[in-house]
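There are 2 protein chains.
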Amino acid sequence: MAQAPFTNDIKTLRFLAGEMTQGDLGDKVGVTRQTIAAIEQGKYSPSLEVAFRIAHVFGKPLEEVFRWQAD
Amino acid sequence: MAQAPFTNDIKTLRFLAGEMTQGDLGDKVGVTRQTIAAIEQGKYSPSLEVAFRIAHVFGKPLEEVFRWQAD
DNA sequence: ACTTAATGTTATATATTTTTAACATTGAGT
DNA sequence: ACTCAATGTTAAAAATATATAACATTAAGT
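Keeping their order, the protein sequence lines are chains C and R.
Residue numbers for the first sequence, in UniProt numbering: 1 to 71.
Residue numbers for the second sequence, in UniProt numbering: 1 to 71.
Only true hints are included.
A pair counts as met if it fits within one copy or between any two copies, since identical chains are not told apart.
Straight-line distance between alpha carbons at most 30 Å, and here's what the computed DSBU-like set of lysine-lysine pairs gives:
(1) Lys43 - Lys60
(2) Lys28 - Lys60
(3) Lys28 - Lys11
(4) Lys60 - Lys11
Since the hints were made in silico from the structure, they are not lab data.
Please put together the full structure from these sequences, using the hints given.
Structural data, given as structure tokens:
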């Protein structure tokens with residue numbers, strides 16, 4: 001299933017944003033909670049569009065949410 | 001075909017990097033020249049992994065290469 | 001005017017992401 | 001101990017990105 005070559009802080013950011021659930025975040029981003037769960041766990045590399053939308057919800061630059069790790 | 005909701009400076013950066021062709025960039029990133037062409041033209045939203053790799057080739061932060069536009 | 005490399009573009013195939021739906025587990029509150 | 005929301009997880013389908021191959025166009029060099 002190809003683990004993503006970067007880490008992310010979504011789980012932390014959700015709680016800092018005030019108990020935001022995966023479902024809440026999914027709604028704001030426009031994807032399902034399962035998609036959020038999979039991205040959060042690094043199960044695959046989301047589209048740049050979804051990554052941008054997630055960062056936008058937290059008001060953070062994309063690279064503060066997703067951090068490159070490999071290569 | 002869903003135009004991407006962000007612009008990018010890949011074409012400019014390729015020339016600033018010294019006449020780097022789409023094929024050259026594709027080789028460095030690990031995708032085909034057609035994929036570079038499509039991304040460059042905003043035809044779709046690449047995976048976050050490919051976006052990171054492209055930015056990495058130019059030694060730029062991702063958000064200096066791809067800039068959010070919509071929503 | 002010719003060549004040739006780079007790019008544009010298209011069609012079809014393959015790979016990957018995302019959705020949908022279902023069920024299991026965990027944890028907080030009562 | 002119960003309940004219920006949140007999360008984990010999985011399988012199959014749908015949507016989207018990427019590869020491959022082929023041919024057309026553009027532009028620079030000679």
